[in-house]
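Chains A and B are the protein sequences, given in the same order. Per the working numbering, residue 1168 is the first one in the first sequence, and the count goes up by one each step. Per the working numbering, residue 2 is the first one in the second sequence, and the count goes up by one each step.
Do not rely on the hints blindly, as some may be mistaken.
Claimed, not checked - Subject to a maximum C-alpha distance of 27 Å in a straight line, what follows is the list of computed DSS-like cross-link-like pairs (lysine-lysine):
#1 A/1186 / A/1241
#2 B/109 / A/1210
#3 B/28 / A/1186
#4 A/1230 / B/28
#5 B/113 / A/1232
#6 A/1180 / A/1190
#7 A/1210 / B/33
#8 A/1190 / A/1234
It should be emphasised that the hints constitute simulated quantities derived from the structure, not laboratory data.
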Amino acid sequence: EVQLQQSGPELVKPGASMKISCKASGYSFTGYTMNWVKQSHGKNLEWIGLINPYNGGTSYNQKFKGKATLTVDKSSSTAYMELLSLTSEDSAVYYCARRHFDYWGQGTTLTVSS
Amino acid sequence: DIVITQDELSNPVTSGESVSISCRSSKSLLYKDGKTYLNWFLQRPGQSPQLLIYLMSTRASGVSDRFSGSGSGTDFTLEISRVKAEDVGVYYCQQLVEYPYTFGGGTKLEIK
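Put together the whole structure using the sequences plus the hints.
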């Protein structure tokens, strides 16, 4: 069974950075790209970018360049998204989703507040 | 970026009825391979989005045949027949023909 298990909710201070993990199981991790999606205000969905776990190649939404950095650890079948210089605008639920968006993680809620 | 537009439903739907949800794209989603790169998702309250339809009209694995997708290069429709209480949630369409992938603003389905 394909599963994407994300890390838990985070409360961080403005200006800080944080990293969300997405551990994949039930399929060949290196065989599928991994997408990351932001959902703010409980509705708006935005594609952040994707990473190819096989070679680490990435494609980013221009809007999130400099804000998000995507990496993987093939040894643990885990994808990561680091979010930098956080502001209140980054408060949202973040999802990982496999290549064709056929499987999604459960979401990680990020709250940026002092 | 490609802009995806979804309308709101005017009224709640009665169980057992059919409903159509529309989606429009600012650019054709028909790619040179002949495929149309549009997804439909359902996000139930408190859950992650679930893929319903890909390539405009192909049902995802395990999805009920009550859901069907159709359209042209820029105008798309998701039809739900015999609506059930479990269909409640927000429906999103998404284009994958070019980066950045973009989503519509969502259409909320409510049952009377």
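Broken hints, by number:
3, 5, 7
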